[in-house]
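Colleague: Protein chains in written order, with the working numbering: chain A, 1 to 268; chain B, 1 to 101.
Hints were generated in silico from the structure; no laboratory data involved. Fair warning: there could be bad hints in the mix.
Stated by the list, open to error - Derived pair list, reagent style DSSO-like, types lysine-lysine, alpha-carbon separation capped at 30 Å:
1) K69/B / K248/A
2) K151/A / K30/B
3) K30/B / K248/A
4) K257/A / K24/B
5) K262/A / K241/A
6) K20/B / K241/A
7) K24/B / K241/A
8) K136/A / K257/A
9) K19/A / K248/A
10) K257/A / K21/B
11) K151/A / K69/B
12) K136/A / K21/B
13) K99/B / K21/B
Remember, it's a predicted structure, so these values are computed and weren't measured experimentally.
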Amino acid sequence: MTTGVLLFAFNTPGIDYVKIAKWNAMNIQRHLNLPVTLITDSTITDAVFDQVIYAENKHSSGRKFKNIDRVIRWKNSGRYSAYELTPYDQTIVLDVDYVVASNTLLSLVNDPRPFVCTQQAIDVSNTTPNLNLFNKYQMPMAWATVMKFTKSSVAEMIFDVMRMVQHNYSHYALLFGFSSTPYRNDFALSIALSLASGHRLTREYSAPFHLLNVNPGDAVHWVNTDTYEIQYTRTVNNETKPFKLVVKNQDLHVMCKDYLEKIIDSTV
Amino acid sequence: MDTEQIYQTVRARFDHAQAKKVLKEKYKAKMVFASHNGMWLAGPELISVLQCCFGELAIIQDLYHNPVKVNVANLLAESQQRWQEQMNAWLVEYSELEKQR
Numbered sequence: 001m002t003t004g005v006l007l008f009a010f011n012t013p014g015i016d017y018v019k020i021a022k023w024n025a026m027n028i029q030r031h032l033n034l035p036v037t038l039i040t041d042s043t044i045t046d047a048v049f050d051q052v053i054y055a056e057n058k059h060s061s062g063r064k065f066k067n068i069d070r071v072i073r074w075k076n077s078g079r080y081s082a083y084e085l086t087p088y089d090q091t092i093v094l095d096v097d098y099v100v101a102s103n104t105l106l107s108l109v110n111d112p113r114p115f116v117c118t119q120q121a122i123d124v125s126n127t128t129p130n131l132n133l134f135n136k137y138q139m140p141m142a143w144a145t146v147m148k149f150t151k152s153s154v155a156e157m158i159f160d161v162m163r164m165v166q167h168n169y170s171h172y173a174l175l176f177g178f179s180s181t182p183y184r185n186d187f188a189l190s191i192a193l194s195l196a197s198g199h200r201l202t203r204e205y206s207a208p209f210h211l212l213n214v215n216p217g218d219a220v221h222w223v224n225t226d227t228y229e230i231q232y233t234r235t236v237n238n239e240t241k242p243f244k245l246v247v248k249n250q251d252l253h254v255m256c257k258d259y260l261e262k263i264i265d266s267t268v
Numbered sequence: 001m002d003t004e005q006i007y008q009t010v011r012a013r014f015d016h017a018q019a020k021k022v023l024k025e026k027y028k029a030k031m032v033f034a035s036h037n038g039m040w041l042a043g044p045e046l047i048s049v050l051q052c053c054f055g056e057l058a059i060i061q062d063l064y065h066n067p068v069k070v071n072v073a074n075l076l077a078e079s080q081q082r083w084q085e086q087m088n089a090w091l092v093e094y095s096e097l098e099k100q101r
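Please model the entire structure based on the sequences and the hints provided.
Modeller: And the structure:
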């Protein structure tokens, strides 16, 4: 059975996702020793990828984050096509901003379940409440940042439902009570898991580890290989105070992509 | 980096409580391992269950509540080894963390 990692990278005017994907592909090979396939609309000449699959992704949406004074644009639709596009029997799909700094993901390779995703996230700075619930009904959130699937009827059904949710996103936004813009893969996946499990909430696809998120408003600095310093502010006794912590050999979902680009520019 | 950023960087306190929490998450993830066609979380609970089993083979629940037939001695050795390896590594990092200011 072939196993590999699939990354999606569609550049937007503000962020070079392909550059981040190349850097992360090197991290993946170093820690997981797995081939990496990139799905993109950019021309790739580097040999860092096992395969490059060209696909179009014209739809982009903008998202305004707390603590950031501009709208971040992304092209994140079409994630459901991972099932059809993957060249592997067993695939780990990662967001490019998921920084691989350990071999934690290898536990997914040995996981016998046909579909796994992260269903519990932790905010590294502990400043964002309710990371694991969304919409006005407080539905449990599934994070599409890390997904593992094997070619199977279960995985195919989940991706098919995800496609249906994406194509009828306004309807599901109204039904489940969340904003119809921007499109969020996490919401589509959460709904897909519920529908595919017979309209019930389930944790049966949950990864055996938590997703560690670094907020878009936080700062990340490179200390040395696989060690990062995270700086953030928190209100203590009605006063905003700066804090920091150092994370070593720990995978991170770094949502502050500006800092990720700076790290890549200074280290590669 | 402008003056304000330098000022904030210098003022930033090391967040021991969060660093401890993140470290716990890291080592909890490292306790997960695959064996005997099942997924396991190395730790006192699994070790206790295995020590309660009599005979060479036993059927126990894995991490995802699936019944799995296991060789008790082999799985016990694997889980004890992984648990202690990771606890040792955790202690080393925790001790370093305590020194951070």
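Colleague: Could you work out which of the previously given hints the structure breaks and list their numbers from low to high?
Modeller: 1
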